[in-house]
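Peer 1: Letter by letter, the chains look like this.
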Amino acid sequence: MNKNTRDLGIFGEKIAAEYLRKLCYKVIRSNYRCRFGEIDLIVYKNNTYVFVEVKTRRNTSFGRPVEAINRNKKTHLLRVGQYYIQNLNLKDCNFRFDAIEVMIDPLKPPKVNHIENIM
Amino acid sequence: MLSRVYSCVLTGLDGNLTEVEVDISNGLPALNIVGLPDTAVKESKERVRAAIKNSGFEFPMKRITINLAPANTKKEGTYFDLPMALGILQASKQIENISIESFAFIGELSLNGNLNRVPGALPLVIALRNQGIKKIILPKSNADEAAMIEDIEIYPFHSLKDIIKYFQGDCMVAPYKTDKRILRKGSSGYDEDFADVVGQEMVKRAFQIAAAGGHNIMMIGPPGSGKTMLARRFPTILPDMTYEERLEVTKIYSVAGELSDYASLVKERPFRSPHHTISSTALVGGGRKPKPGEVSLAHFGVLFLDELPEFQRSVLEMLRQPMEDEVVTISRLNATLTYPSNFVLMASMNPCPCGYYGDLSHACSCTPMQIKKYLSKISGPLLDRIDMHIEIFPIKYEELTKNCTSKTSAQMKVDVDRARKNQLERYKNHKIFFNAQLTPNLTKKYCELGYQEKLLMEDAFNKLGLSARAYNRIIKVSRTIADLNDCDQIETAHIAEAIQYRNLDRKFWNL
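If you read the protein sequences in the order shown, they are chains A and B.
Here the first sequence stands for residues 1 to 119, numbered as in full-length UniProt numbering.
Here the second sequence stands for residues 1 to 511, numbered as in full-length UniProt numbering.
Hints are computed from structural coordinates only; laboratory data are not their basis.
Bear in mind that the values here come from a model prediction, so they are computed numbers and not experimental data.
Careful: at least some of the hints might be erroneous.
To be verified - For lysine-lysine, the following DSBU-like pairs were computed, each having C-alpha atoms within a straight-line distance of at most 30 Å:
#1 B:177 - B:431
#2 A:74 - B:45
#3 B:431 - A:45
#4 B:53 - A:74
#5 A:111 - B:421
#6 B:62 - A:73
#7 A:45 - A:14
#8 B:45 - A:73
#9 A:22 - B:53
#10 A:73 - B:42
#11 A:14 - B:421
#12 B:62 - B:93
#13 B:62 - A:74
#14 B:428 - B:444
#15 B:291 - B:45
#16 A:26 - A:73
#17 A:108 - B:53
#18 B:62 - A:111
#19 B:421 - B:431
#20 A:108 - B:62
#21 A:26 - B:62
#22 B:135 - B:177
#23 A:73 - B:53
#24 A:91 - A:45
#25 B:45 - A:108
#26 B:42 - A:74
#27 A:111 - B:53
#28 B:428 - B:454
#29 B:93 - A:111
As the list claims (entries may be wrong) - Cβ-Cβ distance ranges computed for the label pairs, FRET-style:
#30 A:29 - B:72: 44 to 52 Å
#31 A:93 - B:29: 27 to 35 Å
#32 A:76 - B:279: 20 to 28 Å
#33 A:117 - B:111: 26 to 34 Å
#34 A:44 - B:29: 50 to 58 Å
Said to hold, decoys possible - Listing some non-contacts, in silico: residues in chain B with all C-beta distances to chain A over 10 Å:
#35 45
#36 74
#37 101
#38 134
#39 189
#40 191
Yeah, the Cβ is synthetic: ideal placement off N, Cα and C, and Gly gets one too.
Given these sequences and hints, build the entire structure.
Peer 2: Shown next as structure tokens:
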């Protein structure tokens, strides 16, 4: 992967984590990896675990960031999430999958758009 | 974030009011259509997306759900594009403070936001009017066809942008009206004329009877005797269609998608002459979602089958039920639909494979077996349903070169029109237009025979071995002949003429 793209992704994830912290979410893991894939952020609030996919873009010439989340990506997210839940044997709590799109413009502060419950 | 737009769904020749509900909520960008849409309806999301973008609006990057209510009937066709687009624009608050509830919308969108013509606009408009909708917005190219209907306001538009402008009050549009006189005006004229055909006066007389009363007719004759030439000129003497007839025929053509910008109304009686390779589905109608076939497209007109024995036998037998019932019901997995099929069957054929059996100037080279085999392709039941059989003889040299002018189509049509007027007047309290439609009950009422006439019929029935159906049909034909002669009562001469049109089946089929 291009180093630039990777850096952009890490930067976007940082911004997303910051944004979620402000909303009183507790960030439990970032870049959780297992053999099924990766989840960018796992956060927790009000007895709900939220699995977050962060998408970052510099411009929208290839469409909005969230448009890149298709059915395939969703299935991957779901599998990793299920694996995580089973691995930690989490019980009696709710789960949710969110997407956060971060749009970065060098001249302006980054724009964050949080979409709850994408499944 | 919810909006509702009225539209209509078409099943066969009937339409049903449909609500297009659009809900926009937060979520990953998606457009889901529910309510049993078929492929064409599902595809409309791509057209709607492009049309909204290219009309200067923004396609919302949200989770859009569209419901087509009632959700339990199958929807097909492309006319939901426009209501969907307007619903999305309203639900996303891009057009506000306007009321579109009193309107119904029909239209297909092209990618640049223009409205394309849709098939079946006329039945849709009729259905919407019957369900209490007062105003309809549809593509401009469907305007003429839709404006046939009274007590409903038609607003045709060219593009999605224009519709929004209209609702925002940026432009005024008056309801579309066509000149009703054009609708009621007669046909525009034909290139062919019966004056082109020399002689054959007896055939022309038979044609007049068939045209006046809507009777089925068959011509038998050797090659080159002018069967096809005569048949081609048959439409020129058919009586003009009444407004009700035009409406019904246009409805069928609208559903079949056979109307165009140039011919948005069917003004002339249809004359359908399918080739003899036609399949049974094409003839009676069919398909996954049944479409009208040739018998329905020939409704209130003529179905001309040239070279009748060349048609597949199974195809010909299909004609029996539609000819008798005047409707055809097509059942398929997805739908069972009934289309009207009230047509005049006109058939032409040679008497044998070589064509010259019974001809005076040529020797026939066929064996009796060959002739029998050839003629047996036409089954008895089908033959029984044809009221008039006429033999056509080749024209003689003296007649061909003689410089006499025969009657023109216009002159012949005068008689036909008069006879048809008599019938319309007589049957104005019944739901029929001409003699061939008479039910047994009405036959009794309107075709009463005197003593002499009854004797003649009895004689003919016994001697010619007529069927009950043939008996009824002869009486109907004699009713038409009486109408042509302006007689209220059927006379012996009329019956005698009608009977002689029934004698050919015995000449050829009882070898």
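Peer 1: Against each hint, give a clear statement of whether it holds in the structure.
Peer 2: To see whether the hints hold, each was checked on the structure:
{"no.": "1", "hint": "B:177 - B:431", "verdict": "29 Å, holds"}
{"no.": "2", "hint": "A:74 - B:45", "verdict": "22 Å, holds"}
{"no.": "3", "hint": "B:431 - A:45", "verdict": "74 Å, violated"}
{"no.": "4", "hint": "B:53 - A:74", "verdict": "27 Å, holds"}
{"no.": "5", "hint": "A:111 - B:421", "verdict": "78 Å, violated"}
{"no.": "6", "hint": "B:62 - A:73", "verdict": "18 Å, holds"}
{"no.": "7", "hint": "A:45 - A:14", "verdict": "18 Å, holds"}
{"no.": "8", "hint": "B:45 - A:73", "verdict": "22 Å, holds"}
{"no.": "9", "hint": "A:22 - B:53", "verdict": "36 Å, violated"}
{"no.": "10", "hint": "A:73 - B:42", "verdict": "23 Å, holds"}
{"no.": "11", "hint": "A:14 - B:421", "verdict": "88 Å, violated"}
{"no.": "12", "hint": "B:62 - B:93", "verdict": "13 Å, holds"}
{"no.": "13", "hint": "B:62 - A:74", "verdict": "17 Å, holds"}
{"no.": "14", "hint": "B:428 - B:444", "verdict": "17 Å, holds"}
{"no.": "15", "hint": "B:291 - B:45", "verdict": "25 Å, holds"}
{"no.": "16", "hint": "A:26 - A:73", "verdict": "24 Å, holds"}
{"no.": "17", "hint": "A:108 - B:53", "verdict": "26 Å, holds"}
{"no.": "18", "hint": "B:62 - A:111", "verdict": "17 Å, holds"}
{"no.": "19", "hint": "B:421 - B:431", "verdict": "15 Å, holds"}
{"no.": "20", "hint": "A:108 - B:62", "verdict": "24 Å, holds"}
{"no.": "21", "hint": "A:26 - B:62", "verdict": "27 Å, holds"}
{"no.": "22", "hint": "B:135 - B:177", "verdict": "13 Å, holds"}
{"no.": "23", "hint": "A:73 - B:53", "verdict": "27 Å, holds"}
{"no.": "24", "hint": "A:91 - A:45", "verdict": "15 Å, holds"}
{"no.": "25", "hint": "B:45 - A:108", "verdict": "34 Å, violated"}
{"no.": "26", "hint": "B:42 - A:74", "verdict": "22 Å, holds"}
{"no.": "27", "hint": "A:111 - B:53", "verdict": "23 Å, holds"}
{"no.": "28", "hint": "B:428 - B:454", "verdict": "27 Å, holds"}
{"no.": "29", "hint": "B:93 - A:111", "verdict": "23 Å, holds"}
{"no.": "30", "hint": "A:29 - B:72: 44 to 52 Å", "verdict": "46 Å, holds"}
{"no.": "31", "hint": "A:93 - B:29: 27 to 35 Å", "verdict": "29 Å, holds"}
{"no.": "32", "hint": "A:76 - B:279: 20 to 28 Å", "verdict": "50 Å, violated"}
{"no.": "33", "hint": "A:117 - B:111: 26 to 34 Å", "verdict": "32 Å, holds"}
{"no.": "34", "hint": "A:44 - B:29: 50 to 58 Å", "verdict": "27 Å, violated"}
{"no.": "35", "hint": "45", "verdict": "14 Å, holds"}
{"no.": "36", "hint": "74", "verdict": "25 Å, holds"}
{"no.": "37", "hint": "101", "verdict": "31 Å, holds"}
{"no.": "38", "hint": "134", "verdict": "41 Å, holds"}
{"no.": "39", "hint": "189", "verdict": "58 Å, holds"}
{"no.": "40", "hint": "191", "verdict": "58 Å, holds"}
In terms of the numbered hints stated before, the structure departs from hints 3, 5, 9, 11, 25, 32 and 34, listed from lowest to highest.
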